[in-house]
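Residue numbers (the numbering used here), protein chains in the order written: chain V, 1 to 216; chain S, 217 to 432.
If you're looking for bench data, these hints aren't it; they were derived computationally from the structure. Check before you lean on any hint, since a few could be wrong.
Each computed DSBU-like pair below joins lysine-lysine, with the alpha-carbon atoms no more than 35 Å apart [claimed, not checked]: (1) V:Lys99 <-> S:Lys364; (2) V:Lys36 <-> S:Lys364; (3) S:Lys315 <-> V:Lys148; (4) S:Lys252 <-> S:Lys315; (5) V:Lys36 <-> V:Lys208; (6) S:Lys364 <-> V:Lys208; (7) S:Lys252 <-> V:Lys208; (8) V:Lys148 <-> S:Lys424; (9) V:Lys208 <-> V:Lys148; (10) V:Lys36 <-> V:Lys99; (11) S:Lys364 <-> S:Lys424; (12) V:Lys148 <-> S:Lys364; (13) V:Lys99 <-> V:Lys208.
Some, not all, of what chain V presents toward chain S, calculated at C-beta under 7 Å [as the list claims (entries may be wrong)]: (14) Met70; (15) Leu137; (16) Gln144.
On a predicted model such as this, the values are computed, not experimentally measured, just so you know. Virtual Cβ for every residue (Gly too), placed ideally from N, Cα, C.
2 protein chains.
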Amino acid sequence: MKKQQLTECPLFYGLGEHEIEDALSLFSATQISYEKGAHIMTLSDKSTQFWLVLSGTVHVCCDDEEGHHMIMAVVTPFHTFGESLCYLGLHSGVYAEAKTNVTLLSLDGSILREPPHSSLQFLLQQRFTAMLARKALEMNARIQILCKRSIRDKIFAMFTHYGGQSNGRAFSLPFDRAGMAFYLGVDRSALSRELCRLEDGGYISFSKNEFYWHFH
Amino acid sequence: MKKQQLTECPLFYGLGEHEIEDALSLFSATQISYEKGAHIMTLSDKSTQFWLVLSGTVHVCCDDEEGHHMIMAVVTPFHTFGESLCYLGLHSGVYAEAKTNVTLLSLDGSILREPPHSSLQFLLQQRFTAMLARKALEMNARIQILCKRSIRDKIFAMFTHYGGQSNGRAFSLPFDRAGMAFYLGVDRSALSRELCRLEDGGYISFSKNEFYWHFH
DNA sequence: ACAAATCCGTTGCCGTTGCAACACAAAATA
DNA sequence: TATTTTGTGTTGCAACGGCAACGGATTTGT
Numbered sequence: 001m002k003k004q005q006l007t008e009c010p011l012f013y014g015l016g017e018h019e020i021e022d023a024l025s026l027f028s029a030t031q032i033s034y035e036k037g038a039h040i041m042t043l044s045d046k047s048t049q050f051w052l053v054l055s056g057t058v059h060v061c062c063d064d065e066e067g068h069h070m071i072m073a074v075v076t077p078f079h080t081f082g083e084s085l086c087y088l089g090l091h092s093g094v095y096a097e098a099k100t101n102v103t104l105l106s107l108d109g110s111i112l113r114e115p116p117h118s119s120l121q122f123l124l125q126q127r128f129t130a131m132l133a134r135k136a137l138e139m140n141a142r143i144q145i146l147c148k149r150s151i152r153d154k155i156f157a158m159f160t161h162y163g164g165q166s167n168g169r170a171f172s173l174p175f176d177r178a179g180m181a182f183y184l185g186v187d188r189s190a191l192s193r194e195l196c197r198l199e200d201g202g203y204i205s206f207s208k209n210e211f212y213w214h215f216h
Numbered sequence: 217m218k219k220q221q222l223t224e225c226p227l228f229y230g231l232g233e234h235e236i237e238d239a240l241s242l243f244s245a246t247q248i249s250y251e252k253g254a255h256i257m258t259l260s261d262k263s264t265q266f267w268l269v270l271s272g273t274v275h276v277c278c279d280d281e282e283g284h285h286m287i288m289a290v291v292t293p294f295h296t297f298g299e300s301l302c303y304l305g306l307h308s309g310v311y312a313e314a315k316t317n318v319t320l321l322s323l324d325g326s327i328l329r330e331p332p333h334s335s336l337q338f339l340l341q342q343r344f345t346a347m348l349a350r351k352a353l354e355m356n357a358r359i360q361i362l363c364k365r366s367i368r369d370k371i372f373a374m375f376t377h378y379g380g381q382s383n384g385r386a387f388s389l390p391f392d393r394a395g396m397a398f399y400l401g402v403d404r405s406a407l408s409r410e411l412c413r414l415e416d417g418g419y420i421s422f423s424k425n426e427f428y429w430h431f432h
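Generate the whole structure from the sequences, applying the supplied hints.
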């Protein structure tokens, strides 16, 4: 386990080596690996834990009755998932799937709910709350994207959100075309079609998950 | 100010009268009223406070460059808005609008970020975090609705979410038809059209904001 | 009570998008 | 290398939905 890199986590940002060790122990952290395609958090888990991604990509998703797939969240290294359910002690109709081989840290949420015995514990509680707040803002942005009326506008909104407003710069997205379609709540082939129209129009260019944003 | 009713808030649930008074004082609570149509939280506010709705309805919304209106959240009595921004000390591109005459409690978030001096303060911190977690789940549900591919499916998803799964029961929605359309990210007239198709098909009946859900 | 504003359904038009099916390329596997 | 699996673009078609414009009903305000 590379404790160095943990300072990049919103949860552990800026902590010293010893503090991180203490924090991991408070959370009863356990490292787990899953192979690509594995299901991590299942539908019925009433979880007392949440997860931190060390490497790889995880999708939090669900499927409706008609078999439609939806992606609730894309979790990249140093970010977490399952915190809300963990904190509330609930289960829900979502599951997490490893989109690549992943290594995770399983963290027990108990220490978040007891009065803090140390300043470190209090700090972690603060960080946890801040993470939830950030997640809310993140989901707000997602909702703004999904509310756009056309695929084109969804793409533009997503690009400005992911690629920053910087013009002419390249950026990559953490999913393939099918994943992108699920994320935007549109049909994959229709997305493909619209992306090519944008390329023909000179707005963007792309190859695989690498995109170029030509001008405003 | 009716302190009685505050026990219905997720934030103050189950607290005694004295505790609620203490809590309000910790939050430096101030009651404010706004008239229908007024803007409460503006785009540029770097807020140190969040708001609790005592009566009336507030919409948290934003408009994009093309002038499209979007509703991020509908806030009904005893619920709050602006907590995420408050906790993070950020401002954002959303604003809050009073959809009816409203009375609010303005709450200062400072006490949420300091080590708790009392068990009450700790409890409030816990409640606040739980509120954020619930909000995340709520937004997850919203995302699931928005990801549906057709207006009809969005309506169904919204009904099952708002009206419970109970069959044959009535429920009301906290917005008018235009608000509902914004909430679902669709055109108002198209929504109207689809609602009438559903009524013709015998799936639902409705009048104003009151809806009947006929069978599963 | 009257005027103004708001809310809601209706309709025609046509571009957009979902859907299914297929072809091809690249990558993974044996 | 041969074979399978996965990822991506393409296309035809029909239905859906966005848009604009309108009219009637209800509500609000004076």
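Taking the hints in turn, this is what the structure says about them:
1. V:Lys99 <-> S:Lys364: Holds, because 23 Å separates the two Cα atoms, which is no more than 35 Å.
2. V:Lys36 <-> S:Lys364: holds (27 Å)
3. S:Lys315 <-> V:Lys148: holds (23 Å)
4. S:Lys252 <-> S:Lys315: holds (5 Å)
5. V:Lys36 <-> V:Lys208: Roughly 19 Å between the alpha carbons, so the hint for Lys36 of chain V and Lys208 of chain V holds.
6. S:Lys364 <-> V:Lys208: OK: Lys364 of chain S and Lys208 of chain V at ~26 Å, within 35 Å.
7. S:Lys252 <-> V:Lys208: violated (49 Å)
8. V:Lys148 <-> S:Lys424: Holds: Lys148 of chain V and Lys424 of chain S sit about 26 Å apart, inside 35 Å.
9. V:Lys208 <-> V:Lys148: This hinted pair holds, its Cα atoms lying about 24 Å apart.
10. V:Lys36 <-> V:Lys99: holds (5 Å)
11. S:Lys364 <-> S:Lys424: holds (24 Å)
12. V:Lys148 <-> S:Lys364: holds (13 Å)
13. V:Lys99 <-> V:Lys208: holds (16 Å)
14. Met70: holds (5 Å)
15. Leu137: holds (6 Å)
16. Gln144: Since chain S brings a Cβ to about 6 Å from Gln144 of chain V, closer than 7 Å, the hint holds.
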